[in-house]
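Protein chains in written order, with my numbering: chain W, 4 to 371; chain D, 4 to 371; chain Z, 4 to 371; chain C, 4 to 371.
Keep in mind that the hints were calculated from the coordinates and are not lab data. Warning: the hint list may mix true and false statements.
Derived, one-sided and incomplete: chain W residues facing chain Z with beta-carbon distance under 8 Å [stated by the list, open to error]:
(1) N65
(2) T77
(3) Y116
Source: prediction; values computed, not measured. The beta carbon of each residue, even a glycine, is placed where N, CA and C say it ideally should be.
There are 4 protein chains.
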Amino acid sequence: MKNTFGSSVSVTIFGESHGTMIGAVLDGLAPGITVDESFIAHQMSLRRSVGTISTARREADNVRIVSGVFNGKTTGTPITFIIENQDAHSKDYGELAYKARPGHADFTALMKYHGFQDFRGGGHFSGRITAGLVAAGAVAISALREKNIHIGTHILSCAGINDRGFADLPADIAALGDKSFAVLDDDIREKMISAINDARQQGDSVGGVLETAVIGLPAGVGEPWFDTLEGMLAHMMFSIPAVKGIEFGAGFALAEKKGSEANDTFFLDAGNVFTRTNNCGGILGGISDGMPVIFRTAVKPTPSIFKEQQTVDMRTMENTSLVIKGRHDPAIIHRARVVADSAAALVLCDQLALRFGTDLIAENRKDD
Amino acid sequence: MKNTFGSSVSVTIFGESHGTMIGAVLDGLAPGITVDESFIAHQMSLRRSVGTISTARREADNVRIVSGVFNGKTTGTPITFIIENQDAHSKDYGELAYKARPGHADFTALMKYHGFQDFRGGGHFSGRITAGLVAAGAVAISALREKNIHIGTHILSCAGINDRGFADLPADIAALGDKSFAVLDDDIREKMISAINDARQQGDSVGGVLETAVIGLPAGVGEPWFDTLEGMLAHMMFSIPAVKGIEFGAGFALAEKKGSEANDTFFLDAGNVFTRTNNCGGILGGISDGMPVIFRTAVKPTPSIFKEQQTVDMRTMENTSLVIKGRHDPAIIHRARVVADSAAALVLCDQLALRFGTDLIAENRKDD
Amino acid sequence: MKNTFGSSVSVTIFGESHGTMIGAVLDGLAPGITVDESFIAHQMSLRRSVGTISTARREADNVRIVSGVFNGKTTGTPITFIIENQDAHSKDYGELAYKARPGHADFTALMKYHGFQDFRGGGHFSGRITAGLVAAGAVAISALREKNIHIGTHILSCAGINDRGFADLPADIAALGDKSFAVLDDDIREKMISAINDARQQGDSVGGVLETAVIGLPAGVGEPWFDTLEGMLAHMMFSIPAVKGIEFGAGFALAEKKGSEANDTFFLDAGNVFTRTNNCGGILGGISDGMPVIFRTAVKPTPSIFKEQQTVDMRTMENTSLVIKGRHDPAIIHRARVVADSAAALVLCDQLALRFGTDLIAENRKDD
Amino acid sequence: MKNTFGSSVSVTIFGESHGTMIGAVLDGLAPGITVDESFIAHQMSLRRSVGTISTARREADNVRIVSGVFNGKTTGTPITFIIENQDAHSKDYGELAYKARPGHADFTALMKYHGFQDFRGGGHFSGRITAGLVAAGAVAISALREKNIHIGTHILSCAGINDRGFADLPADIAALGDKSFAVLDDDIREKMISAINDARQQGDSVGGVLETAVIGLPAGVGEPWFDTLEGMLAHMMFSIPAVKGIEFGAGFALAEKKGSEANDTFFLDAGNVFTRTNNCGGILGGISDGMPVIFRTAVKPTPSIFKEQQTVDMRTMENTSLVIKGRHDPAIIHRARVVADSAAALVLCDQLALRFGTDLIAENRKDD
């Protein structure tokens with residue numbers, strides 16, 4: 004499949020940047036999960052552009068749920084989210100029909116779709132399509148919360164400026180939920196925003212690293228081969244536009260460690276097994292060990308910059324240059340973090356349903 | 004699915020470290036591909052342990068193909084590879100039935116399989132299971148070569164010692180094919196091996212980073228969302244035991260760059276489109292752009308070390324310690340590189356078949 | 004997956020009978036296929052209720068395409084069809100929240116969704132959901148026509164009255180395309196309609212058998228095991244509500260034949276291989292043989308009848324009876340036939356893309 | 004995928020009639036299921052040829068389990084079954100490399116595999132490949148029994164002679180388990196065998212209808228669309244060579260009934276919901292209703308007959324005739340029934356794991 008991900012719980016996304024609607028179909032989620040539209044709206048607001056560090060495009064991003072919710076709860080059948088595109092300025096994009104923007108998918112789209120792709124604003128490749136993922140993810144996040152599983156992502160670094168790492172995970176995750184610019188160290192916020200604004204003023208852009216933590220995931224989820232928990236999360240995370248790397252636990256730093264430093268030793272506390280360190284990021288042999296799942300994703304700088312760039316005119320097949328106009332983000336990392344939360348939640352709902360069945364939430368209910 | 008990966012071309016792996024047989028079923032590959040058993044044997048030898056830097060376990064790893072090959076060529080139906088386990092010393096592992104080795108999957112296997120798992124030598128979690136992947140991958144590599152697609156992996160770093168990066172890719176890939184310890188800079192080889200031996204003598208282990216390059220992949224392969232080329236490769240690569248990170252092109256380093264530095268500008272040469280740099284690793288918008296696909300995988304140090312480690316006795320649920328005995332690798336990175344080539348080849352065969360149909364090779368034949 | 008079908012070309016359906024919207028996402032279809040909205044409207048009209056033999060519910064069934072079509076042609080990315088529900092009378096259904104209608108999915112929905120399902124009008128189980136399938140199928144049918152593959156379904160029998168069988172397939176299929184009540188023998192039409200009306204007047208309902216033919220499908224499509232062409236078509240066809248059987252070629256009648264009668268002998272005509280008979284329904288070993296693919300599906304009588312029926316009150320867990328009110332079809336077979344065409348087209352587009360790649364239509368274009 | 008079926012529990016089959024080995028990989032089954040090798044051998048014996056009514060080819064069909072079973076129980080990781088081919092007479096098949104046997108897959112295999120297929124004895128299309136399915140199915144059947152789910156198939160008709168229908172299902176299913184020629188009415192056995200022998204003496208063959216019943220399946224299994232229980236079972240059943248039709252419950256006969264006759268009314272007995280009739284075959288809206296699942300499959304007569312048949316020489320592309328030699332079955336229906344049981348068991352294990360999670364059996368164990 005192409006725009007569908009997941010096996011027991013799956014999400015299908017659709018739409019183009021300047022099309023009529025974008026959206027998502029979330030299927031397979033347990034029945035009986037409370038759907039909180041204000042939480043969805045909140046999550047959408049975290050993804051939306053803010054202030055001068057984001058695109059001037061302003062979309063209300065009102066999410067309509069047109070199926071799969073009845074009396075405020077999931078039915079167990081497909082939940083469809085639609086979002087109308089409103090503030091699309093297609094005239095800005097004329098030249099881009101044939102001049103491939105460096106760092107964008109214009110050229111590869113042409114190679115794959117032979118010129119039939121909707122090139123306006125990046126079409127189906129636009130980061131805007133993640134709005135559907137965030138809407139679906141909001142319901143997935145709600146479902147996980149009912150099982151005491153919580154996810155949080157912060158901007159570990161941006162433009163060379165570093166946030167502090169995770170410390171008290173429950174508190175850190177809770178605090179991140181309401182931040183429109185998600186750093187753990189509030190003192191660092193203005194520095195990062197200032198660096199983003201500097202890049203914007205230079206007609207340039209910056210990237211960064213996101214760090215995501217999942218707490219409460221039970222041990223025993225994931226597969227030893229192929230559908231490892233790392234593999235499933237990575238598979239999904241590379242769908243977030245601009246993500247070019249992912250690492251779990253100590254990740255690439257493990258390559259420099261000795262085994263005696265890297266191994267997380269086990270110990271008992273009140274009858275439960277824990278590890279003293281978490282270099283493995285909560286996953287051993289592809290399977291969750293009950294410790295927090297930790298991963299970092301590398302986000303490249305936004306490819307839409309306003310400097311003149313060399314490229315090829317695909318009509319005439321001649322070397323040329325282009326200057327991108329329109330409205331663009333000098334950074335997307337602060338918007339991508341809620342996409343990371345959402346994407347992770349969708350993967351985990353699927354993994355939990357595969358492991359424990361489709362009644363997960365219903366079982367919870369019986370205990371009430 | 005669990006031990007099956009791929010859609011049009013798929014691979015299923017099976018077996019345990021100390022079981023009767025391990026192997027793989029490779030399905031969906033085009034008919035008419037020449038199967039060169041000596042090339043398979045060569046690839047198996049690259050995976051096998053060598054000298055003092057690898058486990059003392061010695062397996063002949065004779066691969067028998069028991070289906071799917073007729074008159075020396077693939078039939079188009081499932082190709083089954085079986086490898087008998089011979090040199091298994093199960094008695095070495097008794098204590099490990101209940102003492103979880105740090106860094107290993109013993110604890111997570113128990114959480115998932117409730118004690119029914121074959122714990123001997125890591126059972127189904129053992130790196131030994133990659134032998135089936137290498138056998139299947141050898142045929143996939145052969146299939147890709149018929150389409151002028153070539154894959155090579157070198158040890159970019161090990162124990163803190165760095166190899167040079169890729170330079171002349173066709174020559175570098177060709178040179179790597181025969182190296183039992185795959186570094187591009189031959190002067191670095193002995194230094195790395197020496198560092199591995201040092202770790203061994205300390206009862207410790209080391210990790211490293213593999214770098215893989217694919218040349219000849221046509222533009223237009225991969226999907227914009229979910230089944231991005233990065234996502235598919237990452238999904239598979241995390242199946243290689245000990246891999247904890249992956250990055251494409253400039254990867255995590257992109258997080259520190261400006262857009263103007265990160266964007267790969269396009270130019271024409273003899274009617275073909277190229278990029279001047281390859282920070283994106285040959286993939287834009289999830290789709291190949293015709294440039295080399297480049298990725299790096301982080302390999303953690305082997306968790307089997309010979310120092311005393313803290314752990315939990317899962318029978319008595321008491322804190323305890325263990326000292327691992329048996330035969331183990333102080334490093335696996337030199338063995339993992341052929342697994343990386345194989346795994347990548349399997350992903351690419353699947354992607355090509357999805358994109359261009361199951362007759363890929365048959366079409367080639369018509370041109371002869 | 005649950006509401007998604009297909010691998011390279013897939014369809015996802017969503018919605019409930021009395022919800023806000025129903026629809027479908029069609030993904031993976033080749034770029035460059037002309038999307039004819041008037042043809043989609045025509046196909047929708049064939050599915051819609053007509054005259055006294057269908058439900059009094061009247062829906063305009065205006066299909067909006069909100070993604071995946073650009074300048075009148077498919078882009079290659081997901082095509083989303085949405086249809087607003089308008090004429091829903093939810094108050095008719097109150098009692099059905101707890102009294103399971105015999106022959107309907109009310110009871111099984113309760114067992115699966117624990118009371119959270121939208122029970123109004125059958126909710127997600129309603130035949131109305133096939134509207135999305137018909138919209139998606141219309142584009143699939145158009146795509147197949149560009150490859151000279153044509154599909155037609157007629158009502159082989161209804162209420163014990165038989166239509167003639169297929170004879171001149173290209174002419175028969177062409178003639179069926181415009182018929183709102185699809186019989187090949189026009190003299191039989193009024194008899195069937197009269198029998199349906201008789202059932203209606205008795206508060207009862209009737210079923211029938213649909214026969215579908217596909218011409219132009221090349222030989223070599225399908226798999227020997229599991230994803231046989233019969234298996235894939237059957238898998239899909241049982242999604243059409245009320246279908247309880249399927250047979251290919253001579254089907255169940257083959258069970259009574261000798262091998263010498265059943266075997267279809269091969270012969271050459273103008274360099275092409277044909278079979279003299281087509282008892283196998285165009286499929287041997289799971290793979291198309293180039294002859295017409297022929298299958299028949301058994302459609303049970305509409306379960307909504309107006310006679311008093313015994314059932315169980317699921318609130319009080321007592322035996323009770325119910326009399327269904329509301330608007331219902333005394334027969335659905337005349338409406339189901341366009342669903343059969345659509346469903347078959349979706350399966351075939353997927354099979355063709357898997358076999359020949361995702362550029363099928365694009366390749367066509369190059370020949371122009 | 005091609006030779007893999009199932010999602011949470013999957014089976015992969017491999018091999019050719021005259022190849023080295025055939026077999027299957029069964030993956031995803033819960034850990035802790037007792038594997039009874041004598042039961043597997045018993046099931047294999049039911050599939051094997053017997054007496055004069057079956058092929059003279061005699062295979063011991065010794066099944067070796069080479070992975071996934073430890074201390075006599077499933078581990079939860081892939082279980083691999085291999086069976087060596089012993090009694091293959093490849094020289095019998097020379098002419099069949101280019102003369103397509105009517106009713107066989109020789110022609111379609113050529114269209115798909117371009118001459119690279121292993122044509123000997125039907126190669127990968129041979130009914131012999133079902134041996135792997137029966138081996139895997141035996142373990143699936145054992146797993147279902149631990150959950151009190153039982154499956155039985157009888158020969159409802161063969162050569163125009165009818166068995167009685169199912170009556171006391173638990174007793175009937177139990178009785179069928181040991182019958183090498185599975186009819187419920189023992190008086191009918193000799194008549195059917197005699198009719199098969201008559202066909203054999205005429206160099207001809209016969210088909211029949213199998214009827215399968217499943218008891219104990221809980222209500223609430225299956226999906227409303229696409230992955231309906233009928234659709235999943237049908238998808239799988241068409242993999243049994245020679246199956247050309249399937250119907251559930253009253254099946255095609257429903258097409259002739261009125262709704263008031265077809266609807267199965269609900270009633271309570273001791274707090275449980277039942278239906279008075281079972282015209283729907285235990286499935287409503289694609290989901291099990293807790294009543295027995297009943298289906299019938301049409302099996303065409305064996306295509307290997309010994310009469311002269313018209314065909315095409317694919318080398319010279321000329322019309323010709325052929326007379327099949329070698330060893331063949333005048334009927335396969337008595338051998339196919341254990342394949343039907345096995346195939347159904349594999350589908351149900353997958354559906355149950357998807358619905359209730361992968362620990363199904365482990366949960367059972369906790370109750371002990």
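Query - Index of numbered hints that the structure contradicts, given in increasing order - result: 1
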